[in-house]
Every structure is written in structure tokens, then in C-alpha cells.
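Asks: Chains as they are written, first to last, in numbering that gives the first Met the number 0: chain E, 0 to 255; chain Z, 0 to 109.
Don't take each hint at face value.
Stated by the list, open to error - Only pairs whose alpha carbons sit at most 20 Å apart, straight line, appear in this in silico EDC-like list of lysine to aspartate or glutamate: (1) K15/Z / D70/Z; (2) K99/Z / D245/E; (3) K15/Z / E8/E; (4) K7/E / E19/E; (5) K90/Z / D50/E; (6) K99/Z / E57/E; (7) K99/Z / E135/E; (8) K127/E / E107/Z; (9) K92/Z / E107/Z; (10) K92/Z / D173/E; (11) K5/E / E67/Z; (12) K5/E / E107/Z; (13) K7/E / D70/Z; (14) K7/E / E108/Z; (15) K96/E / E135/E; (16) K217/E / D173/E; (17) K23/E / E107/Z; (18) K5/E / E96/Z.
No lab work stands behind these hints: they were computed from the structure. All of these numbers come straight from a predicted model, not from anything done at the bench.
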Amino acid sequence: MSSSDKTKEVFEQILAQLYEEQSKIGKAGGDSYLIAQNNQYLGKITDNSYDNDSVLNEYGPYGSQYSNTSIFNPYSPYGSEYGTYSLNNPYCSTPPKLFINGNLLGLISVNSYIQDRIPTESFLYTLKNNLTYLLEGKIIESESQARQLNCESFIEAGDGTFLGKLNPDSFDKDSVFNRFGSYGNEFSQLSIFNRFSNYGNQFSSLSPFNNFASTPPKTYVKGKFIAYLTVNQNLKPRIHPDELLDWAKKNISVFG
Amino acid sequence: MASIEEILSRIDLVLKENKKIEWIYIILTVLLFVTGISCFVTALFTGHFAWSTPSAITTGFLYWPLREIRDIRQKNIALATAPILITQLSKPKAAEEIQKLLHTLYGEER
Numbered sequence: 000m001s002s003s004d005k006t007k008e009v010f011e012q013i014l015a016q017l018y019e020e021q022s023k024i025g026k027a028g029g030d031s032y033l034i035a036q037n038n039q040y041l042g043k044i045t046d047n048s049y050d051n052d053s054v055l056n057e058y059g060p061y062g063s064q065y066s067n068t069s070i071f072n073p074y075s076p077y078g079s080e081y082g083t084y085s086l087n088n089p090y091c092s093t094p095p096k097l098f099i100n101g102n103l104l105g106l107i108s109v110n111s112y113i114q115d116r117i118p119t120e121s122f123l124y125t126l127k128n129n130l131t132y133l134l135e136g137k138i139i140e141s142e143s144q145a146r147q148l149n150c151e152s153f154i155e156a157g158d159g160t161f162l163g164k165l166n167p168d169s170f171d172k173d174s175v176f177n178r179f180g181s182y183g184n185e186f187s188q189l190s191i192f193n194r195f196s197n198y199g200n201q202f203s204s205l206s207p208f209n210n211f212a213s214t215p216p217k218t219y220v221k222g223k224f225i226a227y228l229t230v231n232q233n234l235k236p237r238i239h240p241d242e243l244l245d246w247a248k249k250n251i252s253v254f255g
Numbered sequence: 000m001a002s003i004e005e006i007l008s009r010i011d012l013v014l015k016e017n018k019k020i021e022w023i024y025i026i027l028t029v030l031l032f033v034t035g036i037s038c039f040v041t042a043l044f045t046g047h048f049a050w051s052t053p054s055a056i057t058t059g060f061l062y063w064p065l066r067e068i069r070d071i072r073q074k075n076i077a078l079a080t081a082p083i084l085i086t087q088l089s090k091p092k093a094a095e096e097i098q099k100l101l102h103t104l105y106g107e108e109r
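This is chain Z alone, in the form it adopts within the complex (with noise of 0.2 Å):
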């Protein structure tokens, strides 16, 4: 069996790949942001409303990547949650709990 600490780098470099996406969406989300709030303020000033209607477009396609943010949040709480499972209970109630977690994270189904 793998040490603890080569557990824990590993747990640390997908935290590490996850922080990284987890921040490409959260830019891109504002950028999909910004663009219906300048449509809409431009609609505003210039009085042509169809100027709106991008940023009713915009605003729905918001859901995905806000989803997607919510979900790698769940997976780095899951990850952070490892270590302490692995270091502080035995092995098979270890592996019952990260069974557990992977079930919640993933579905029963592999």
C-alpha cells in the first residue's frame, strides 16, 4: 500500500487541477455575466429593447457552468475529506466512508 504521503500529494495535485477549472469557469461565468448586463444597459440607453433579449440568452446559459462550480466544490470537500478519513479510522471503516463518499459523488453504478 501507497504511504499516507504519497496518498495525500497525490489528493493534493487533483485539488490542486480542480482549483484550476474550478477558476476557468468561475471567469468564464462572469464574462457570460458582463455581457447580458452590458446588453441590458445598453438596451437601457439606447432604447432599442431588442438589445435584451442577448442577455436573457446569456443569463440562462449561466445554469451550466454554475453547476458545474457547485459540483467541483463537492469533489474538493470530498478530496480535503480523505486524509482524515484514511489517518484517524481503521482500514475497512476507511474504505466504507471513501465508498460512501464516491457513491454520493458519482452514483452506485461504475
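Chain E with its partners taken away, still in its complex shape (with noise of 0.2 Å):
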């Protein structure tokens, strides 16, 4: 309803210059932090959770999910699936830059194309889950050791490329089962449902439709491996592609 709709909007508002007049004030560089490319500071990287300048304090211009300079704001520049200096942007050029004290770790991004990269998933997991060993300059190195240790269910090729989610929900933008999203889309490259693709021919050995394969994808159920996904007969687990719908519906939750 339009009411409910401007109360909120009314706070947001709100929320956002709040916000944005706090980001305003320089900031020191040479501890841990993260810098946006166009040099906005996007917060500091620090174990007190409280202070008004982390990332992690949801209530910080840089934490709160309201705030434009925030990473976790779904619709702000540094945050959104579409943002310019997004490190959720797929097609980002210039995500987010991390820095430890005072070196430049990398450039977190969920685009793979970026150099120096630090995935996404992996850089919030261990911000969020393991910060002493982030502020030693390491990183929980693959997406997938991320997204095992965040007992998530997901196909993972064998080069270690992650190939979507086992949610099968079907309007989960990163499952599978989404026809229409990354990882279930016959046009795309990340999809084993597309026969040209690398993770779908009949030919490569990181397709689950080869029935030579010795590396096909494998299929993690919160955090832990289960079977290969292969039409494969000699290795062992597996589970047949064509099934892999059936499967999911039996075996995972759609809220995870």
C-alpha cells in the first residue's frame, strides 16, 4: 500500500543523509580497510564491531544495510548486483580494493575475470567468520571452501568453479534450477545445461554429461560432498544429471 510505502521511504531517506553525512569525514588510511576505485572509503576492517567506521557495525555508513556507502546495501554503488564499483557485480571492472595494513590484498569481486581477485563469498565469509585470520592478510581461498564451511548446497566443477545452487527453487537467482539465472541458463557458460559450455558438452571432462569424465562437477548438501553429478557409471557416488531436479526436491530445503 502507497502509506506503508512512504513511511518507509520517509526513513530511508532519512537513513541515507544520516549516513552519507557521516562517510563525509576523512578518514586515516594506513591500518586494514577496504576503498571503493572511485576512493570512496568503504570502511575499516577492525574487530570492534562497534565502532562507527567498520564494516561490520550494521549501524555504520559503512555496515548498514541503508547506507550508500556500504558494501552490503543492496541498491548502493559499492554493493549492488549493478553497482559500478560493486563487488557484486558480475560484470564489474573496478570492485573494491581490500587493504591489511596497509598493503593491497586484492580486489574483491564476483567477476572472475578480475586480477588479483578475491572472491566475494570468500572475503565476507571470513570477514564475518574468521577475522583474526582476514587481519593476518589470509583469505579462505576458494568459493567453495567458503561456501562448504557456510554449509551451503551447491555444484562445484572440477577445476573448482562454482556452478550454482541446489536450491530448487527455481526463482533463486544463483540455483541451478533458475532457467533464466547464471548457472541454469542453456546459454551460459557457467550452465551445465548448455551443450557448448564447457561444464555441458558431451566432451570435456568437467561435464557431467561425458561418460568418460574423470573430473565431473561435484555436489556439496550443506557443506558436505555427496556424490559426483556424472553420467559416468564408474565413479561412485553419483547422481545422473537428468535426475538432479528430482533429487534436490527430495533431499534439499528451499529456504537452504
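Need the complex rebuilt from these two chains, each delivered in its own frame; the hints are there to steer you.
Replies: So this is what it looks like as C-alpha cells:
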């Protein structure tokens, strides 16, 4: 209803303004922080989540989902799927930089073509679950490792590429069952259903549809390896790719 | 940042609109209630108890408008509180409290 929208809208506007004002105050460098490629400071990496400048402070200008300078705001240029400087934009060539103790550790992005890339999932997982590790300049290496530690259900290619979630909900954008998403679309390079892609053709060793593949995709449920996804009868345990949806409906909850 | 006056006038505007909608809900709720009561009285006077069925149904329908009225009132209270938070608290604290208000009204997801 329009009234409720306006109430929410006015609150969000006030919040955005309050956070904007706070983010304008100059920040000292030299510590561990995130910075966008337009030089917008995106918050401090610190174990004190009450620090107003901390990325982990959900009520601060860099951690709030309502702040325009937060990577957690799904509508900000730094956190949106379409943002010019966003770590969640798969086509962004100018993602945020991560500095630890004053040294550049890498660029945080979901765009796998970025050099010195730190996968967003890995960064966020390490940030939220193993901050000491992050402050030592270490990141949980692969996206897959982060997803496993996050207890997610997903498919991983033999070369470590993420090939989609096993969520039976066809509206989940990351689900392998979403026919319009990056991982379920038959024209996507990252889809096992693209008969011409590296991960879907009959001749690739990474494809589930190759009868002789030795490194087919693996399926993980709640972070644990369950079976290979392959038509190769010599590999066990295995799930036939044509039976994947039925299998997922039986074994995986839509709610993760 | 917008001045306090601008924020206050924006809040006033939304409050006014919310009031209008609240009154529409109240009028429609009263109408529903009166219709139900009329049917019930008719049933009593005519002795045809089939007339009491609509009153039962309309009473059931009162649930939704009453819930909406309660929600709008909650929002109005939150809106009325916002200017005090902005003027009396420091900016970080005001932002925190307003975000908490938003979460209470609409849940944590955006």
C-alpha cells in the first residue's frame, strides 16, 4: 500500500542522509580497510564491531544496509548487483580494493576475470567468521571452501568453479534450476545445461554429460560432499544429471 | 544533508497522508460493523435467522481493516518519534535508532 511505502521511504531517506553525513568525515589510512576505485572509503576492517567506521557495524555508515557507502546495501553503487564499483556485480571491472595493514591484498569481486581477485563469498565469509585470519592477510582461499564452511548446498566443477546452488526454488538467481539465471540458463557459460559450454558438453572432462569424465562436477549438501554429478557409471557415489531436480526436491530444503 | 526543517516537513506530509488513509479504514470498518449489526437486528425482528449469517461474515471481515489501522498507528508513532531522535541524539546514535525502528516496523530484510 502506498502509505506504508512512503513511511518506509521517508525513513530510508533520513537514514541515507545521516550516513552520508558521517561518511564525509575524512578517514585516516594505514590500517586495514576497504576502498572503492572512485576513492570512496568503504570502512575499516576491525574486530571492534562497535567502531562507527567498521564494515561490520550494521548501524554504521559502512556496514548498514541503508547506507549508500556500504557494501551491504543491495542498492548502493558498492553493493548492488549492477553497481559500477560493486563487489557483487559480475561485470564490474572496478571493484573495491582491500588493504590489510596498509598493503593491498586484492580486489573483491564476483567477476572471475579480475586479476588479483578475492571472491566476494570468500571475503565475506572470512570477514564474518574468521576476522583474525583476515587481519593477518589471509583469506579462505576458494569460493567453494567458503561455501562449504557456510554449509551451503551447491555444485562445484572439477576445476573449482562454482556452478550454482542446489536450491530447488527456480526463482533463486543462483540456483541451477533457475532457467533464466547464470547457472541454469542453457546459454550461460557457467551452466551445466549449456550443451556447448565447458561444463555441459559431451566431450569435456568437466562436464556431467561426458560418459568418460574423470573430473565431473561434485555436489555438496550443507557443505559436505555427497556425490559426483555425472553420467559416468564408474564413478561412485553419483547422481545422474537428468535426475538432479527430483533428487534436490527430495533432499534439499528451499530455505537452504 | 537536508535541514531539520526539510526532514520535519517531509515527515509531516507522510503523517498527514497516513491520517487520511487511517480515516478511510475507520469509516469502512464502521460501515462493515453497522451492516453486520443491521442484519442481526433484522434477524431478531423478523424471526428469519438466516439474516444473521451476513453479520457473522462481516464481523470476520473486520479483522483486516483493524489490523491495518493498528499498523498505520504504529507507523505514525514511529514517524512522530523520528524528529526527536534526529534533533536530540548524535548522528550515529540517531541513525542506529532509526534503523532499529525500521526493523521493528518492516523486518530486517530490505
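Asks: Take a quick look at whether K7/E and E19/E sit within 20 Å of each other, Cα to Cα.
Replies: 18 Å, holds
Asks: Could you grab the alpha-carbon distance between K23/E and E107/Z and see if it respects the 20 Å cut-off?
Replies: It is violated: about 26 Å lies between the C-alpha atoms, which goes past 20 Å.
Asks: K15/Z and D70/Z: Cα distance at most 20 Å?
Replies: 15 Å, holds
Asks: With the threshold set at 20 Å, check whether the alpha-carbon distance from K7/E to E108/Z stays at or below it.
Replies: Holds, at about 12 Å.
Asks: Holds or violated: K99/Z with E135/E, Cα cutoff 20 Å?
Replies: It is violated: about 33 Å lies between the C-alpha atoms, which goes past 20 Å.
Asks: Sort out whether E107/Z lies within 20 Å of K92/Z, counting only the CA atoms.
Replies: 18 Å, holds
Asks: For the pair supplied as a hint, K5/E and E107/Z, is the alpha-carbon distance within the 20 Å limit?
Replies: 18 Å, holds
Asks: Could you grab the alpha-carbon distance between K90/Z and D50/E and see if it respects the 20 Å cut-off?
Replies: 14 Å, holds
Asks: Does D245/E lie within 20 Å of K99/Z when you go C-alpha to C-alpha?
Replies: 42 Å, violated
Asks: Just to be careful, I want the Cα atoms of K5/E and E96/Z compared with a cutoff of 20 Å; is the pair within it?
Replies: 19 Å, holds
Asks: Holds or violated: K217/E and D173/E, Cα atoms, limit 20 Å.
Replies: 16 Å, holds
Asks: Can the restraint linking K7/E and D70/Z be considered satisfied, given a maximum Cα separation of 20 Å?
Replies: 13 Å, holds
Checked against the numbered hints listed earlier, the structure breaks hints 2, 7, 10 and 17; every other hint is satisfied.
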